[in-house]
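Asker: Work the whole structure out from these sequences, hints included.
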Amino acid sequence: MKNNFDVIDIKGRKFLYSQKVEDHFFNPRNVLDNRADLKKFNARAKIGAPACGDVMKVYLRINPKTKIITDFKWKTFGCASAIASTSILSEMAIGKTIDQAYKITADKIVKALGGLPKKKIHCSVLGDRALRAAIDNFRKR
Amino acid sequence: MQNNQIYMDNASTTRVDKRVLLAMKPFWDKMYANPSNIYSMGLKARDAVEKSRCRIAKFLNAKPNEIIFTSGGSESNNLAIFGVLSKLKKGRIITSVIEHPSVLKPIEALEKRGFEVMKIKPKQNGVVNAEDVKNYLNHNTVLVTIMYANNEIGTIQPIARISKIISSFNAKRQTPNARRIIFHTDACQATQYLDMDVKKLGVDLLTINGSKIHAPKGTGALYVRSGVVCNPQILGGPQEAGLRAGTENLAGIVGLAKAIALINKSDNAELGRIRDYIINELLKIPGSQLNGCKIKRLPNNINISFANVEGESLVLYLDKRGICVSTGSACSSQSLEPSYVVGSIKGKEAAHSSLRISLSRYNTMEEAKAVVFEIKKAVKELRRISENEK
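These protein sequences, in sequence, are chains A and B. For what it's worth, the working numbering labels the leading residue of the first sequence as 763, then goes sequentially. For what it's worth, the working numbering labels the leading residue of the second sequence as 777, then goes sequentially.
No lab work stands behind these hints, which were simulated from the structure alone. Worth double-checking, as some hints may not be accurate.
[Said to hold, decoys possible] Once the Cα atoms are required to be at most 27 Å apart in a straight line, the calculated DSS-like pairs of lysine-lysine come out as:
1. K776/A to K1152/B
2. K1156/B to K782/A
3. K773/A to K1096/B
4. K835/A to K1156/B
5. K895/B to K881/B
6. K834/B to K863/B
Answerer: In structure tokens form, the structure reads like this:
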């Protein structure tokens, strides 16, 4: 058994996570509007399961010629860091080519969010995996 | 705490009652002597400890020398389990899957040492069937431990029925040297609301936690029926009749006794009314379900799952609105595993989506209305983020 433990440093914060996470959690960007016409997206993917506590759905619009991601919409069932990481990922991916976007790692998402508690990183890992799965889906078409 | 905060997480811990604070105050800075000392200040401190012990004994319909002061529920549970079994090498332990970790972990440790453990799964309403205990009882059985009321879903377990089953089994034992089966109950969540008469309950050991009943954190007691052999787990001085070493938590003990004296079961009716209002309103939300029996339930507990709404997200949305509640979601736990209590009766998905609201005598119907309003709003918003349909 481990005898020492990490002292949790809240630094006088009023929210469990960083300001960036708080901002994206309460004001998520690019959430799919339920009235949106799904036909305009040419790549999608869904990963996770409700029993695991996280489900992410990603909808991409990729310019077939330039291979640039022109739109990224999403739905997420999950905790604050899962919602915030999908939200920030959507901003990071829009405007990138699919080759560039494919290289977005969990580490980069965590960095962009101003850090996440170690045990929470598995949540954001889901976001980049969902994006890559959607790009794979596009390439197969 | 801000004035506009609504605190509805009393199954986690409670606010210390002002009258409890007042009762404790002189024992911090005026009569602070070690109760073991023989000068007059020490005697006053001893008197305060023993008067507190008598008060708690009376509340439990027990004798004062059957009350051991501890540091809280976890210590009492550990003392009960290890204290009764530490000198044994093997035997059967019967418990339930919905016990508190401070019961399950000691039992796991004993299982590794060679004890046989039978864990009863409750019925889908979160209540253990007393007949299941009967089916598991055998001549190797040494301990049964079943909680009085569950900390997450508030379900009340049939303690008196289980104790009858155990005592008739004990009575029928043929061999004269057969060990009596010991029955322990963790009554941390029940103390404030249910009948705590240990004679009626028929238990040998019973756990009380001060922090759940408006006494300070770090206070608690274990009832040990006379004649039950319990070995100390904290060794040192002769305090608590040698069962628990360490200078008594003088002010804490006074506070615990005061909190117990303030328990007024007639508060239950109003609390039940607020609870039912919240349950009925929240069940109007589509895709919601109540976890645990609606009737065999503590008057202060509400536990509801909302499909497609993750518990941690919901708790943080409500926190933003000044509401303190909790969840069985994995994300809010240290282990990243969702609530095994909700999971055992409703599955993991419901556990991730569960919200626990636990009331106290400080909550009002006005607060309940505000909480219902904010939950409905938050569920709608989180479903906009998670759901495609509609």
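Asker: Need the status of pair K1156/B, K782/A: alpha-carbon distance at most 27 Å?
Answerer: With Cα atoms ~23 Å apart, K1156/B and K782/A stay inside 27 Å; holds.
Asker: Quickly compare the C-alpha distance for K776/A and K1152/B to 27 Å and report which way the hint goes.
Answerer: The given pair, whose Cα atoms are some 24 Å apart, holds under the 27 Å limit.
Asker: Take a quick look at whether K895/B and K881/B sit within 27 Å of each other, Cα to Cα.
Answerer: Holds. K895/B to K881/B sits at ~13 Å (cutoff 27 Å).
Asker: What's the verdict on K834/B and K863/B, does the C-alpha distance respect the 27 Å limit or exceed it?
Answerer: violated (31 Å)
Asker: Given the proposed pairing of K773/A with K1096/B, does the C-alpha separation stay at or below 27 Å?
Answerer: Holds, at roughly 18 Å.
Asker: Do the alpha carbons of K835/A and K1156/B lie within 27 Å of each other, as the hint requires?
Answerer: Status holds; Cα separation ~19 Å.
Violated hints amount to a single one, hint 6; each of the other numbered hints is respected by the structure.
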